[in-house]
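Enquirer: With the hints as constraints, model all of the structure from the sequences given.
Here's the letter readout for the chains.
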Amino acid sequence: MGRSYLVDDLVEKYLITLQSVDLPFVTGLLIGQIAVQKDYVVLAAQTPQREKEAENTVSNRSTAASSLDDIDIQWVSEHAKQVSQMLPGGLSVLGVFLIHPPELSKEAQNTLRRLLFAVEKLISKGRLWKITEDDVSERVMLQICSKTRKAICRTFDVMDPKSSAKPADWKYQSGVSGSWQALQCSVELDLEFPISETSANMDKCTKEGLQRWAKQIETSLCLINGKCLADNLDVTAGLKKNAKANQPKLQAQILIPAAMSGVEQRSTASVQTCGGVLTMKGVVHCRAYVYTSKPRARQAVEAIKRDVMNTVLCRTEMLFEDLLMNKGAVSGQQPLPLRVFAPVPGTALCVCDYMFPDEATADVKERFKEMLDCDIPEDSIDTSQEAPVEKQSDIHSEECMGNVTPESPAEATKREKSLRPYIGVAMAAGVALLAMAVSLLYLGD
Amino acid sequence: MVVVDVGSMVFRLRGGLELTCQLDSADGPSVQQTLSGAFKRLCAKVRSESLVFCIRNSPLLIWPNKGVHIIPDDVKESTPCKDIQQHIQAEENDSGKKSSKKKDRKSATTCVINLDLMMEVTEPSRLSATVLTRRNQKQHFVRMTLPMDCVASVQMEETIGVVSGLLVGALCDQLADMERMVLQHMKGTALLLPQPLHFLLPEPAGLVTVVYPAGVPDSRLELNRKELHSRFELPDDRPCFRRANAFHFPDEPYKDGYLRNPHTALNLPNMESAKPYVVQGVYSYHHYMQDHMDDNGWGCAYRSLQTICSWFQQQGYVDRDVPSHKEIQQALVDVGDKPAPFVGSRQWIGSIEVQAVLDKLLGVTSKILFVSQGSDLASKGRELATHFQTEGTPVMIGGGVLAHTILGVLWSETTGQIKFLILDPHYTGGEDLQVITDKGWCGWKGPEFWDQNAYYNMCLPQRPKTI
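Protein chains in written order, with the numbering used here: chain C, 1 to 445; chain Y, 446 to 912.
Honestly, I wouldn't trust all of these hints.
Cut-off 25 Å, straight-line C-alpha distance, at most; resulting in silico cross-link-like pairs (BS3-like, lysine-lysine) [to be verified]:
| # | chain 1 | residue 1 | chain 2 | residue 2 |
| --- | --- | --- | --- | --- |
| 1 | C | 227 | Y | 527 |
| 2 | C | 121 | C | 166 |
| 3 | C | 215 | Y | 490 |
| 4 | Y | 490 | C | 227 |
| 5 | Y | 783 | Y | 805 |
| 6 | C | 227 | Y | 511 |
Note that these hints are calculated values from the structure, not bench results.
Expert: Quick look at the structure:
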């Protein structure tokens, strides 16, 4: 028997509305939680239209598409990457869907397979945590004929490039997106990365530093509501079972073992010549969700730990991408974007986004609409989880940062707003540029 | 060997603290200032609320600086230390039942609670956004993991709160010691790693922790030791603070597999007005068939010599490892005592050869005590008692075809009655303390143990006068 997918009714409704859209085909992402037994699908989001494409569609509207070759795999993957950055721990892009006219059904599966692998490759690129033996590597493709409405659900093992399609069970149910338990914590960062003398390598140095840190997070001890729970224990046990929503969030605590690793091998301190030092200091808010059908502690702990690593990596990447597009470099103090959360209407889940200091909640709302095809009222966006930069917040700044020319954050991040690499505006013109930026970022891989 | 007082417990806290700093120049005073700053920051970290102690093999976690917050919450700040034991699960032990039985007996008198150092990164005191700061300057980025290792000995009735406080203090003190050591041995930007070691001194000092620079041999640290000897008013004719003298915690198995001091498991026989005079310090039991070496029938004196060498090594007198049969034979050839083909042979050696090898390989001189017949050994009580009192080294005795190690005597000055504490190198079995003591491979023997008509030579190694 293949995997089964428990899908929220809202996703069904959404897919039905897409079937009536006047386009030759529609691609999009399926979002939810991967669990051992089955996956839970809570959201679907169509690939945003590229402006260029939109024009084409207008001119080609009468002639039905004869091929799926028009699907821009890079575009869809980039969408998936950005969407996955908007998901708290425990939620991820589970796969892709395609709504197509009957005549394209034959080539659909091949196209979807390529999409699925491309999406997974980009999402997992550079990530700080290691997948474990228990991680499920099956990803889903859902193919819907726009005429007959017939849906075919298949999975592929994305870890095996030779894997073939396996049948899977796709089942709609109401309330899937309503029963989720949230965990949260705020994690203090106090990291230092020596950077080599040429600034071109700064990303690499930062990446290496983050990898060291991520190892600590991976091996850390995680407490839930002040307790160290056995792996298989239900994290919701002992909580009052309230009606659906408004379940109180569980508080996670992360304790890092002061490891003695490598102590015996050395008799001297490691001394590295460098051209400077990057410090990352501050607090990041982290959140994860587990489906409330007997959520086990191990799963909850893994979800929150991965969120900790993801959110730090994601913000660092965003900052570097932003700087690269503005041909800038980290100089003086540079705030990382703040994480904001917003509830997805009709669900018990929140999605998140990152705001640069010069951005407003309106920008966030716009991105939610574009990336998740989701209308989220601006006033429901919660910006309170992370405080903005305090002036001169650093205690040690005088001691060890004596030579920093203090530059106010506002000044440091002065840049052209339109270049914020969100897909609708920047991507249309700049996929190539972004791709270049990304490849520069991972030069060290 | 009395490790720690009955009724007291030792808390041992370990963990690596990462020290990082940036040196702008190799100029002494500025390096010193930067390093001191880095140590100060670590000390602040150790005093912060995020410090956590995790009691090994238990679910117990302690936040010592958060008003001594403890989970699970049935353990309180005021809980006496002795109650901690019930939360600790015995470590999986793959050795047989018998040895674990012994262990139980031991843990009844002395108890070591191991704690691991952790740092909480959640629940920060204040929320401030994350900022990336870049400082551009050509410099040296220094990183070292300080191997913190602190102990606190307390009475069983003492509370967890008190112990936590002691350990936090010990951490800070150790950081200060490490800072001093690093600065003292610094050359340019080359920084030696501190290496904390514990030494068990006579009361009232008890367990004392000293920080040495890693990689610097004992021979170059004599000045430091002199200072320590005078500070703790220790005799300056024997090593007390060499690395080999470091306290071996009873809960840590010796990795080389040899048994240490098996005689401590024996009960003293009853003898009126007699006093025991036994070997001082630590030796390992060497006997037939060890080290994948079949020396059954000819190697007993070699093994007895190895036991003596192990004593000198573990008391810190020599660095060299216990010599193999071949090395012993080579040494005898080198001093001209034996012809070259002796190396690799299965020929016996006696007390005089043992004396020669100790001199050649260890630089240790020995006295030879001779008796023309075994029955005379009973009259050597005073000499042997004096030896164990002043030198305290194991004695090798050879006579007839057998060699043994004498570890002590139980001797009555008034009646002249005597028993010998014998360690028998002819044992061919495994390292099972129960068998060794039950079957008398290590045991108290009367004068009838000796062949009454054979002559015997005893080799009494003398301690070099050194620290």
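Enquirer: Given the proposed pairing of residue 121 (chain C) with residue 166 (chain C), does the C-alpha separation stay at or below 25 Å?
Expert: holds, 20 Å
Enquirer: With the threshold set at 25 Å, check whether the alpha-carbon distance from residue 215 (chain C) to residue 490 (chain Y) stays at or below it.
Expert: With Cα atoms ~21 Å apart, residue 215 (chain C) and residue 490 (chain Y) stay inside 25 Å; holds.
Enquirer: Given the hinted pair residue 227 (chain C) and residue 511 (chain Y), is their Cα-Cα distance within 25 Å?
Expert: Roughly 16 Å between the alpha carbons, so the hint for residue 227 (chain C) and residue 511 (chain Y) holds.
Enquirer: Below or equal to 25 Å on CA atoms is what counts here, so check residue 490 (chain Y) against residue 227 (chain C).
Expert: holds, 23 Å
Enquirer: Check the hint pairing residue 783 (chain Y) with residue 805 (chain Y) against an upper bound of 25 Å on the C-alpha distance.
Expert: Since the Cα atoms of residue 783 (chain Y) and residue 805 (chain Y) sit roughly 14 Å apart, the hinted pair holds (cutoff 25 Å).
Enquirer: Below or equal to 25 Å on CA atoms is what counts here, so check residue 227 (chain C) against residue 527 (chain Y).
Expert: Holds - the C-alpha atoms of residue 527 (chain Y) and residue 227 (chain C) are around 23 Å apart, at most 25 Å.
Hint violations for this structure: none, all hints satisfied.
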